[in-house]
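Protein chains: 2
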Amino acid sequence: MIFEGIWLTLVGSIASALVSSSFIPQIIKGYRTKKLEDVSYLLMILISAGMSLWIVYGIEKQDYVIIGANVTTIGLNMLLLTLKIKYSH
Amino acid sequence: MIFEGIWLTLVGSIASALVSSSFIPQIIKGYRTKKLEDVSYLLMILISAGMSLWIVYGIEKQDYVIIGANVTTIGLNMLLLTLKIKYSH
Numbered sequence: 001m002i003f004e005g006i007w008l009t010l011v012g013s014i015a016s017a018l019v020s021s022s023f024i025p026q027i028i029k030g031y032r033t034k035k036l037e038d039v040s041y042l043l044m045i046l047i048s049a050g051m052s053l054w055i056v057y058g059i060e061k062q063d064y065v066i067i068g069a070n071v072t073t074i075g076l077n078m079l080l081l082t083l084k085i086k087y088s089h
Numbered sequence: 001m002i003f004e005g006i007w008l009t010l011v012g013s014i015a016s017a018l019v020s021s022s023f024i025p026q027i028i029k030g031y032r033t034k035k036l037e038d039v040s041y042l043l044m045i046l047i048s049a050g051m052s053l054w055i056v057y058g059i060e061k062q063d064y065v066i067i068g069a070n071v072t073t074i075g076l077n078m079l080l081l082t083l084k085i086k087y088s089h
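Line by line, the protein sequences are chains A and B. With the UniProt record's numbering, you'll find the first sequence wraps up at 89, consecutive numbering, no jumps. With the UniProt record's numbering, you'll find the second sequence wraps up at 89, consecutive numbering, no jumps.
I should point out that these hints are in silico values taken from the structure, not numbers from a laboratory. Since the structure is predicted, the reported quantities are computational estimates derived from the model, not experimental observations. By construction, the Cβ of each residue, glycine as well, lies at the ideal position given by its N, Cα and C atoms. All clues stand as given, with none of them false.
So the derived label-pair ranges between C-beta atoms look like this:
| hint | chain 1 | residue 1 | chain 2 | residue 2 | range |
| --- | --- | --- | --- | --- | --- |
| 1 | A | Q62 | B | I85 | 33 to 43 Å |
| 2 | B | Q62 | A | E37 | 41 to 51 Å |
| 3 | B | Q62 | A | P25 | 33 to 43 Å |
| 4 | A | I59 | B | K29 | 33 to 43 Å |
| 5 | A | T33 | B | A17 | 28 to 38 Å |
| 6 | B | I2 | A | E37 | 32 to 42 Å |
| 7 | A | R32 | B | L10 | 33 to 43 Å |
| 8 | B | Q62 | A | S40 | 35 to 45 Å |
| 9 | A | Q62 | B | V39 | 32 to 42 Å |
With a straight-line Cα cutoff of 16 Å, these simulated EDC-like cross-link-like pairs (lysine to aspartate or glutamate) come out:
| hint | chain 1 | residue 1 | chain 2 | residue 2 |
| --- | --- | --- | --- | --- |
| 10 | A | K86 | A | D38 |
| 11 | B | K86 | B | D38 |
| 12 | A | K86 | A | E37 |
| 13 | B | K61 | A | D63 |
| 14 | B | K84 | B | E37 |
| 15 | A | K84 | A | E37 |
| 16 | B | K29 | A | E37 |
| 17 | A | K29 | B | E37 |
| 18 | A | K35 | B | D38 |
| 19 | B | K84 | B | D38 |
| 20 | A | K61 | B | D63 |
| 21 | B | K86 | B | E37 |
| 22 | B | K29 | A | D38 |
| 23 | B | K61 | A | E4 |
| 24 | A | K29 | B | D38 |
| 25 | B | K35 | A | D38 |
| 26 | A | K84 | A | D38 |
| 27 | A | K61 | B | E60 |
| 28 | A | K61 | B | E4 |
| 29 | B | K61 | A | E60 |
Modelling step: build the complete structure from the supplied sequences, incorporating the hints.
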């Protein structure tokens, strides 16, 4: 074991931050251009469903890094969904 | 514990399939239109870095669902990166 305890938690948290960062450019672009046509509802629903299952997985494994990571990304996804609904009216 | 053993593995695998599915429309669109300008190199590198760390996390935790999930998504990400390089010449 190279990483243990707090170090392993750090690895998981950085991993989660990096992957979640992929939502941010899209949120900024949507906020600036008031357009989010290239983001599909189906895709957001699929991703949110997947992340919800990852949260169930994290709870069963009592793995707070997995729970935290997916709660964050679902939050970003919900923000993207809200912007998309708002700008499509 | 609601889910255990094989059932928990199933939950993690479905979660992974759902989240990975978010790459597929972009790969198909890129393949059809031979254009991937709206996908940024930086984003792909950030996501791949994040997923590589998740693999390290999965190895340390000996969690084959996390390892498998992130190996799949990195594979899809590499495919997207290859298409983008190919079509940008």
